[in-house]
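2 protein chains.
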Amino acid sequence: MPTLYDFQRAPSPRRARIVLAEKGIAHDTVQVDLGTQEQLGEVFRAINPACTVPALVLDGGAVLTDNAGIAAWAEAHQPEPPLLGRTALDKAEVASWNSRIEGECFMAIAEVLRNTAKGMVGRALPGPNDYAQIPELAERGRARLLHFLDRFEAHMTGREWVATGSFTLADITAGVALDFAAWVKVDANAGRPAITAWRARLAGRESFSL
Amino acid sequence: MPTLYDFQRAPSPRRARIVLAEKGIAHDTVQVDLGTQEQLGEVFRAINPACTVPALVLDGGAVLTDNAGIAAWAEAHQPEPPLLGRTALDKAEVASWNSRIEGECFMAIAEVLRNTAKGMVGRALPGPNDYAQIPELAERGRARLLHFLDRFEAHMTGREWVATGSFTLADITAGVALDFAAWVKVDANAGRPAITAWRARLAGRESFSL
Chain A
516 MPTLYDFQRA
526 PSPRRARIVL
536 AEKGIAHDTV
546 QVDLGTQEQL
556 GEVFRAINPA
566 CTVPALVLDG
576 GAVLTDNAGI
586 AAWAEAHQPE
596 PPLLGRTALD
606 KAEVASWNSR
616 IEGECFMAIA
626 EVLRNTAKGM
636 VGRALPGPND
646 YAQIPELAER
656 GRARLLHFLD
666 RFEAHMTGRE
676 WVATGSFTLA
686 DITAGVALDF
696 AAWVKVDANA
706 GRPAITAWRA
716 RLAGRESFSL
Chain B
516 MPTLYDFQRA
526 PSPRRARIVL
536 AEKGIAHDTV
546 QVDLGTQEQL
556 GEVFRAINPA
566 CTVPALVLDG
576 GAVLTDNAGI
586 AAWAEAHQPE
596 PPLLGRTALD
606 KAEVASWNSR
616 IEGECFMAIA
626 EVLRNTAKGM
636 VGRALPGPND
646 YAQIPELAER
656 GRARLLHFLD
666 RFEAHMTGRE
676 WVATGSFTLA
686 DITAGVALDF
696 AAWVKVDANA
706 GRPAITAWRA
716 RLAGRESFSL
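Line by line, the protein sequences give chains A and B. Just so we're aligned, residue 516 is where the first sequence starts under the numbering used here, counting upward by one. Just so we're aligned, residue 516 is where the second sequence starts under the numbering used here, counting upward by one.
If you are wondering where the hints come from, they were derived from the structure by calculation, not from laboratory data. Heads up, none of these hints are tricks.
Derived list of chain B stretches under chain A, where covered just means 3 residues or more per stretch with a C-beta under 8 Å from a C-beta of chain A:
#	region
1	606-615
2	642-652
Pair ranges (Cβ atoms, derived):
#	chain 1	residue 1	chain 2	residue 2	range
3	B	G575	A	H670	19 to 25 Å
4	A	K633	B	N644	25 to 31 Å
5	B	G575	A	K633	48 to 54 Å
6	B	G706	A	D645	22 to 28 Å
7	B	A577	A	G539	28 to 34 Å
8	B	A718	A	H592	32 to 38 Å
9	A	D645	B	A715	30 to 36 Å
10	B	G706	A	G706	51 to 57 Å
Note that this is a predicted model, so its numbers are computed, not measured. In this text, a Cβ means the ideal position worked out from N, Cα and C, and glycines have one as well.
Isolated chain A (complex conformation):
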């Protein structure tokens, strides 16, 4: 059975938890305590030299070291229900929205958090190398996030799901990202009725309680 290296409170491994749950892929879970920087220790570094969670160790010993790899593997290993789209056009739409949400939303929130949090002084990026905080990058991240949310509200108006007519990986990435926005005191729902209605649909899925 695969083993997911996880940290319950963090948004990135939550994406993998939800993917595995939606696919019904049984797995063991090991918590890696990011609070005590366990991800930088020898034991976890031997599993994932990138020192990030999620990481998924498969039965044969192969290690998937990020959400991109885990989602691609899960879709091919357990095709139903599809999370990456069925047709060529749907696959493009899911990939495109997933990428945009990662770059314009998830990353923007991370820029705010990692460049302001007292616990992240000298650790403004995840991974094995240390980087100093850049206060201007936190400000820019907040501006980018607010611009994205306005565009996303316009996109979601009249839509049920982020991409295609079905629930997909783009909903998972967006849902986790928008919950992550609360960490930097941005309420993505406030004044955005289409986002609010969509977030309520997500809340109806058991996987989003994970």
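Starting from the structure of chain A, add chain B where the hints point.
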């Protein structure tokens, strides 16, 4: 026939050009002059509101607005030769390396370039919104790029291609990114024999002359 909105000198649309060439997908090309900010004008904004190239307009009128969407569509539309891997594990490896190269290399170079170039004052990110340059982000980008290149050299040692045993999208993203590094005066080959040998293999492919 699909139409690729392109800009000959820019690295991002080059990724799409190479994907379409490797797949043998015939298409028309329209140049969008980023040098005169044509991407921000009304005509192109109506095609891609994100104001970025590449964009690929399909026969039915659907618009693929980024490399993520174009690669996913091309793989499903024209499965042979596969660029995203054949097995579940190979698909994971390609997705993972593609994502890492985008985040740790392509983005790092863009951070250096966009936060230092005189022609990009006030335009430190692509897209419809203006952002000021952040000199510290350029410095951090250069440090990140050099860290990545050392890890990439170690990865490529003894390997023929970036991911799996075949040429894949990860080679395209990495090859374009490493040529892009020259824009910020970093020679990715210097002192890195495994990268140099792999780059020579890429140069043997007709698509890399595009």
